[in-house]
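Protein chains in written order, with our numbering: chain A, 1 to 300; chain B, 1 to 300.
Errors might be hidden in some of the hints.
No copy is singled out in the list; a pair is fine if it fits within one copy or between any two copies.
Unchecked claim - Only pairs whose alpha carbons sit at most 16 Å apart, straight line, appear in this in silico EDC-like list of lysine to aspartate or glutamate:
id : residue 1 : residue 2
1  : K151      : D195
2  : K201      : E14
3  : K193      : D183
4  : K277      : E260
5  : K151      : E198
Hints in this document: simulated from the structure, not taken from any laboratory.
Number of protein chains: 2
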Amino acid sequence: MSVNKAHIQSFFMELQDQICTSLEKIDTKAVFKQDLWNREGGGGGRTRIIQNGHVFEKGGVNFSAVHGILPENIKHALKIEASDFFATGISIVIHPQNPFVPIIHMNTRYFEVGENTYWFGGGIDLTPHYVIKQDAQFFHKSLQKVCDEFKQDAYGAFKQWADEYFYIKHRKETRGVGGIFFDRLSANTKHTKQDVFEFVKLVGQAFVPIYSELVKRNKDTPFGKNQKDWQYLRRGRYVEFNLVYDKGTKFGLDTSGRIESILMSLPSTAKWFYDFKPQPNSKEAQTLNLLKKEVDWVGI
Amino acid sequence: MSVNKAHIQSFFMELQDQICTSLEKIDTKAVFKQDLWNREGGGGGRTRIIQNGHVFEKGGVNFSAVHGILPENIKHALKIEASDFFATGISIVIHPQNPFVPIIHMNTRYFEVGENTYWFGGGIDLTPHYVIKQDAQFFHKSLQKVCDEFKQDAYGAFKQWADEYFYIKHRKETRGVGGIFFDRLSANTKHTKQDVFEFVKLVGQAFVPIYSELVKRNKDTPFGKNQKDWQYLRRGRYVEFNLVYDKGTKFGLDTSGRIESILMSLPSTAKWFYDFKPQPNSKEAQTLNLLKKEVDWVGI
Numbered sequence: 001m002s003v004n005k006a007h008i009q010s011f012f013m014e015l016q017d018q019i020c021t022s023l024e025k026i027d028t029k030a031v032f033k034q035d036l037w038n039r040e041g042g043g044g045g046r047t048r049i050i051q052n053g054h055v056f057e058k059g060g061v062n063f064s065a066v067h068g069i070l071p072e073n074i075k076h077a078l079k080i081e082a083s084d085f086f087a088t089g090i091s092i093v094i095h096p097q098n099p100f101v102p103i104i105h106m107n108t109r110y111f112e113v114g115e116n117t118y119w120f121g122g123g124i125d126l127t128p129h130y131v132i133k134q135d136a137q138f139f140h141k142s143l144q145k146v147c148d149e150f151k152q153d154a155y156g157a158f159k160q161w162a163d164e165y166f167y168i169k170h171r172k173e174t175r176g177v178g179g180i181f182f183d184r185l186s187a188n189t190k191h192t193k194q195d196v197f198e199f200v201k202l203v204g205q206a207f208v209p210i211y212s213e214l215v216k217r218n219k220d221t222p223f224g225k226n227q228k229d230w231q232y233l234r235r236g237r238y239v240e241f242n243l244v245y246d247k248g249t250k251f252g253l254d255t256s257g258r259i260e261s262i263l264m265s266l267p268s269t270a271k272w273f274y275d276f277k278p279q280p281n282s283k284e285a286q287t288l289n290l291l292k293k294e295v296d297w298v299g300i
Numbered sequence: 001m002s003v004n005k006a007h008i009q010s011f012f013m014e015l016q017d018q019i020c021t022s023l024e025k026i027d028t029k030a031v032f033k034q035d036l037w038n039r040e041g042g043g044g045g046r047t048r049i050i051q052n053g054h055v056f057e058k059g060g061v062n063f064s065a066v067h068g069i070l071p072e073n074i075k076h077a078l079k080i081e082a083s084d085f086f087a088t089g090i091s092i093v094i095h096p097q098n099p100f101v102p103i104i105h106m107n108t109r110y111f112e113v114g115e116n117t118y119w120f121g122g123g124i125d126l127t128p129h130y131v132i133k134q135d136a137q138f139f140h141k142s143l144q145k146v147c148d149e150f151k152q153d154a155y156g157a158f159k160q161w162a163d164e165y166f167y168i169k170h171r172k173e174t175r176g177v178g179g180i181f182f183d184r185l186s187a188n189t190k191h192t193k194q195d196v197f198e199f200v201k202l203v204g205q206a207f208v209p210i211y212s213e214l215v216k217r218n219k220d221t222p223f224g225k226n227q228k229d230w231q232y233l234r235r236g237r238y239v240e241f242n243l244v245y246d247k248g249t250k251f252g253l254d255t256s257g258r259i260e261s262i263l264m265s266l267p268s269t270a271k272w273f274y275d276f277k278p279q280p281n282s283k284e285a286q287t288l289n290l291l292k293k294e295v296d297w298v299g300i
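Same shape as in the complex, but just chain A:
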């Protein structure tokens, strides 16, 4: 049976349920609040937000499935002819309470336009406030395993893509330790549409085991005001990336998407300290030194 949009949409909806249930179990206190919304041009979504938990300060796990007619400027930007589109996906951003637990972001999406054009896209990337090498290695090894199931050279290519994408150019810093990023994946001589879908499923299913491990390792690490302030500062960088560079955010704002769903990615609190420079050799300075492209996290 060939993969169609109904299968993909169902998978994403079930994945959203699974992820929310798992995150609530991890948090033990806060639960997701759901907002259902409809899009004027067709379709809608389920925005789910968790706030003020034991583990999670603010997080969103959003599902949407929208359809309709593509605006001209978007057709032009995507270099496509047809107008009738369908898009579905999941988008997750989690801002934890403890500065030693990393921020995580995952997105998996499917886009279809006209009769013959479709693609999958997505990725997972990690933004530790404090880079812990073993955690970054675990994270990348897990993603490498997922990519290896798909094809041999996928991890290297998608890891590089994430390095390029999650880069705060004006700070000359990566947003975090990267991860994988991919777009416009469709069937080719080596893979069927089903193969690509299976890969996207694996990416989506990798989220909970990866993040629950990283939370478990770090959620009880003691911290004080200085660590919390550093977390606020790093969140400020996250805001800078999302508002200045992130294409998904820009696309959402330009196309008048549901603003509160798009900007759920922003932290509850962010700070900007003028010209802050960490003490040499401090954990903060060590983190800054690791926010670079092309770090071999698997082999570190």
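Using the hints provided, position chain B relative to the given structure of chain A.
Using the frame of chain A, we list chain B on its own:
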């Protein structure tokens, strides 16, 4: 004697001194910290930051005078042929402690390229966390008076320009109550370069009397946690505007300006509350209702 760039630069430097001295007097506690910086391609600036004062939580009063060769993309964007440029200006953003004191922004600038092309630009605009009609009226009447000195229809035109410019499209809100905004002002059949410079001087000199009055009226207004949280939320909108829409910020980030001077405009703390809706008829709801274009603040 004709106006040249040395006169303009000197005026801006003296104005920076006057404004900083005045703001320190108003604050009574905090003083400005100065950072001198040089630009690789030519020129530099004096960034002055005040933090953690009685009245001002974070503010910047920046002067710069830079020169060199314009990058191709900027020549293209500005639709000019020559490459040799000189630019000088003052840029101010003040984030107060008390939520009833408004955020204020002022910019005056002069740009010259090649032998025959120059223009002045700038403006002042006000972003109250709580819109107080009498204060907005006072603010706009003061600006109207400055504009009337220049030419009869200037206030209306520059007020409309500010309404258009300081607009957060994705929120369908103005950033605040607007003010005046102007760009590419140069000599024409009615005004000499000296006339335009005199207007820019008046704008710059209007800053202290206007803002000191607004601070005096509101700095001792009592407030609690809810008002502070609303201030943090409005500051979040300020961050959204500056990172998503502000052309000066974008220009600075794109041209690798001094990042800490450009982003001094961001508040020390901003918050995002998911889907926050103020109580009907509350002061917060009344403020939202007034964040519109084309409000006649002088006649309100």
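Here is what the structure says about each hint:
1. K151 - D195: Answer is within: at 10 Å inside a copy they meet the 16 Å cutoff, but 69 Å across does not.
2. K201 - E14: For K201 and E14, only the intra-copy Cα distance (11 Å) is at most 16 Å; the inter-copy one is 63 Å.
3. K193 - D183: Within one copy, since 14 Å is at most 16 Å while 53 Å is not.
4. K277 - E260: between (33 Å within a copy, 11 Å between copies)
5. K151 - E198: within (12 Å within a copy, 68 Å between copies)
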